[in-house]
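Trainee: Residue-level listing of the chains:
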Amino acid sequence: MPAPLQSSVRNQLLAALPPEDFAALEPHLEPVEFELRRVLIEPNQPIEHVYFPQQGYVSVCTNDRNTKIEVGIIGWEGMVGIAVTLGVRTIPFECFVQHPGQGLRMPTHHLEEVIDERPSLHRRMLRYAQVMSVQTSGTAFANAEHTVEARLARWLLMCHDRLDGDDIQITHDFLAMMLGVRRAGVTTATHILEGNGLIRAKRGVITVLDRERLEELADSAYGLPEVEYARLMVEGP
Amino acid sequence: MPRYFLHLRFRGGPGGLAVDEEGDELPYPGMLRQHVEATAQDLMRRTRLDAVPNWRACTFEVTDEAGQLVLTLPFSDVSTGR
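Sequence order for the protein chains is A and B. Per our numbering, residue 1 is the first one in the first sequence, and the count goes up by one each step. Per our numbering, residue 1001 is the first one in the second sequence, and the count goes up by one each step.
Bear in mind the hints are in silico, worked out from the structure with no lab data behind them. Where a beta carbon is used, it is the ideal one built from N, C-alpha and C, also for glycine. Treat the hints with caution; some may be incorrect.
[To be verified] Negatives, chain A to chain B, calculated, CB over 10 Å:
(1) 38
(2) 43
(3) 44
(4) 55
(5) 109
(6) 122
(7) 133
(8) 146
(9) 149
(10) 150
(11) 171
(12) 173
(13) 192
(14) 211
(15) 224
(16) 228
[Stated by the list, open to error] Not everything, but these chain B residues come out facing chain A in the computed CB check (under 10 Å):
(17) 1026
(18) 1031
(19) 1042
(20) 1048
(21) 1064
Model the full assembly from the supplied sequences, consistent with the hints where possible.
Mentor: Following this line, the structure appears as structure tokens:
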């Protein structure tokens, strides 16, 4: 499989790199399929590869015995396994494919070598780690402060940001797990959003109909990590 | 294993029933009431929905796979366990 050209790469973290930084990573990148529910990083197991999603997105979930709750979403804007750039090889969370697609991956030790040699690349990845930290804080804030309707709106917007179309494949059972509420709570919130024309919900699929009003509903629950991503990763420090 | 659908009646009228299309599988039917009570308790304790200003005014209307109503549980009948 030939190495990807930077101009054909959809992953925004890679696409936005200076050409010489991309060239240093490129020999180690290989395409990988993101099958639904594929586990990319196991909790407390060595991170063998880091992943750059190109299509589809990945959930970071707590690994409690009884309850899994989503604490992060990573799609084409980012990288799965950012902990490596912070100098660690394991995380206590699971990362799995939430929406199928494909991406690029590289062995962890190669990334470690490249960032050791290229401090500017390392700094850029640390800025992305900071964006993920803001996203996690945003999840904590939303869970503490917002109603299920607003949290559902936030979650749908974050998925929509990482999708080509408007259809989000998700069961209420799974969504309940993602949001950390009982399914009846998710079903009721979905019912309300659908009644107001913001979404259409069929079994296993939620279609975003009115993004603008979803943003109004999510209010302060949505947007901070997205602003920080633009500020730190697109506009530059 | 039998599957039960927990529809939430959160206000009157046709728009006031959140229909459960997925359901919960239980090992045996005798567990149903306990399961529905535990679900109601958890909702009352820690779930904030704009659509539900008062959980105690809600009711679970539970159907089986044949669509038969098998249990009606007003939340006001459930202790919050505290």
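Trainee: Tell me, which hint numbers fail for this structure?
Mentor: 8, 9, 10, 11, 12, 13, 17, 18 and 21
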